[in-house]
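Peer 1: Chains A, B, C, D and E are the protein sequences, given in the same order.
Count along the first sequence starting at 1, add 72, and that's the number in my numbering.
Count along the second sequence starting at 1, add 72, and that's the number in my numbering.
Count along the third sequence starting at 1, add 72, and that's the number in my numbering.
Count along the fourth sequence starting at 1, add 72, and that's the number in my numbering.
Count along the fifth sequence starting at 1, add 72, and that's the number in my numbering.
You may find that some hints are simply not true.
To be verified - If you want the footprint, here are the derived chain A segments under chain B, 3+ residues with CB under 8 Å:
1) 83-90
2) 113-119
3) 141-148
Claimed, not checked - Dumping the calculated DSS-like pairs for lysine-lysine here, alpha-carbon to alpha-carbon at most 25 Å:
4) K167/D / K95/E
5) K95/A / K167/A
6) K167/B / K95/A
7) K167/E / K95/C
8) K95/C / K167/C
9) K95/B / K167/B
10) K167/A / K95/D
11) K95/E / K167/E
12) K167/D / K95/D
13) K95/C / K167/B
Calculated from the structure, these hints are not laboratory results.
The beta carbon of each residue, even a glycine, is placed where N, CA and C say it ideally should be.
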Amino acid sequence: MILGRVVGTLVANRKDEGLLGQKLLLVRNVSVDGDDASGFVVAVDSVGAGEGEMVLYASGSSARQTEATRDRPCDAVIMAIVDSWDVGGDEIYRKTDADGEWAS
Amino acid sequence: MILGRVVGTLVANRKDEGLLGQKLLLVRNVSVDGDDASGFVVAVDSVGAGEGEMVLYASGSSARQTEATRDRPCDAVIMAIVDSWDVGGDEIYRKTDADGEWAS
Amino acid sequence: MILGRVVGTLVANRKDEGLLGQKLLLVRNVSVDGDDASGFVVAVDSVGAGEGEMVLYASGSSARQTEATRDRPCDAVIMAIVDSWDVGGDEIYRKTDADGEWAS
Amino acid sequence: MILGRVVGTLVANRKDEGLLGQKLLLVRNVSVDGDDASGFVVAVDSVGAGEGEMVLYASGSSARQTEATRDRPCDAVIMAIVDSWDVGGDEIYRKTDADGEWAS
Amino acid sequence: MILGRVVGTLVANRKDEGLLGQKLLLVRNVSVDGDDASGFVVAVDSVGAGEGEMVLYASGSSARQTEATRDRPCDAVIMAIVDSWDVGGDEIYRKTDADGEWAS
């Protein structure tokens, strides 16, 4: 899985019927230090992620292994909202109330 | 899914029978800011996209999850025409009548 | 699918039985302008492509969706010979008799 | 498979139910010489790997071919802990007691 | 498929049971000219390849389409030993007795 940050939303009214009703989010890749990295994807959201939140997304056929995406033409799905991670024993990121403005 | 812009069409008369009758479009990748990026693919069109339109395409086995592409040797499919997207609350792109000259 | 040009052939007598009898071609990636790009693959040929011809190849599990490659350990297949393509209304490439010296 | 080194752990309480109970580790890619390389993934651990250990991870649909990950939205799994490797007859890496502080 | 050269072996005693008994080889990518290129993988050997030999490896789900790798958490398999290849009519590589010191 790749670590990313939700940076925006995308609207597409004309789409394959397999994607009707799916929320599409723009996710920018982040480095292991939590900084913005190059690369981004448009992913289906299966966990109710909000803008600003750190997330994990899965790609390829694995992106179709959620309720929201099974048998759909979807190759990227957000399947987790990240609470924290550490590297070498040091905490690099911890979610605060300021993150994830849309989070319910 | 990856964000792209339809930039052209491709004709191939001699092809695997699984691709007979499919429209093949050239799609250039675009950045999160809507600018041209490096990289492009040739994708089957499942939604009636036209030149100039911003689209989403799915890759890999997920590209075979549409009516047009099921069980075909196709690894890229346009599965949505993009109407708009925003980043950090700012609208980055909104489709206008000037886009998508072939759109029906 | 990716646009490529057949640049050579490869011989491998000792191989997985799933690939016995398959023609293996070297395909160099080309840019949207038709120029040589970085990157190449060795692909199974499912359409009778010849050296010099512009082709499309599919990768991953989609490469196994042809008669020649079903259930084989093959992750790249040439599934179309390109006749022409255009970008922004301008013809970029059109196949001539000089291309594809082996084409039948 | 790709060679990596476990550098940290990640906590995500809100995730697709298919990932409940899975340990998520940060794995940095390493070069053939055993040095840190660019690129990292977040992988499910199927073998009890610990921080500092050299591991192999599998990606894509192959990442779902373990007990821990079958039918889950998981595209990267640690499926082996590396004991040693050699290149050109020279031993490049051999696991010592100092490696893998969490290893059981 | 990707062209590579076997440069070493890897030992991993603690691994997913699906990989028990499999030989793991380090394969460095080579260019179309036969020179070392960047990138390498650890691949399961399905054809009895030896150090120094030029091989083809398949990636992703296609890597599971051999007897040795079916339903295993394996995303790279050596499925052919290369005898020769040519580009533009010129022979670039031909296997000699000096190559493949372990080859049987």
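Peer 1: Examine the region 141-148 of chain A for residues whose CB is less than 8 Å from any CB of chain B, and state whether their number is three or more.
Peer 2: holds (count 6)
Peer 1: Quickly compare the C-alpha distance for K95/C and K167/B to 25 Å and report which way the hint goes.
Peer 2: Outside the cut-off at roughly 46 Å; violated.
Peer 1: Is K167/D close enough to K95/E, meaning Cα to Cα at most 25 Å?
Peer 2: holds (19 Å)
Peer 1: Between K95/A and K167/A, does the CA-CA distance stay at or below 25 Å?
Peer 2: holds (22 Å)
Peer 1: Is the Cα-Cα distance between K167/B and K95/A 25 Å or less?
Peer 2: OK: K167/B and K95/A at ~19 Å, within 25 Å.
Peer 1: Has the given pair, K167/D with K95/D, been kept, meaning a C-alpha gap of at most 25 Å?
Peer 2: Given pair K167/D, K95/D holds - Cα atoms ~22 Å apart, limit 25 Å.
Peer 1: Quickly compare the C-alpha distance for K95/C and K167/C to 25 Å and report which way the hint goes.
Peer 2: Cα-Cα ~22 Å, so holds.
Peer 1: Take a quick look at whether K167/A and K95/D sit within 25 Å of each other, Cα to Cα.
Peer 2: Since the Cα atoms of K167/A and K95/D sit roughly 19 Å apart, the hinted pair holds (cutoff 25 Å).
Peer 1: Starting from K95/E, check that the Cα of K167/E is at most 25 Å away, please.
Peer 2: Holds, at about 22 Å.
Peer 1: Under 8 Å between beta-carbons, do enough residues of the region 83-90 of chain A, three at least, approach chain B for the coverage claim to hold?
Peer 2: Three-residue rule met by the region 83-90 of chain A, so holds; n is 7.
Peer 1: Do three or more residues from the region 113-119 of chain A put their C-beta atoms closer than 8 Å to C-beta atoms of chain B?
Peer 2: holds (count 3)
Peer 1: Are K95/B and K167/B close enough, with their CA atoms no more than 25 Å apart?
Peer 2: holds (22 Å)
Against the hints set out earlier in the document, a violation occurs for number 13 only.
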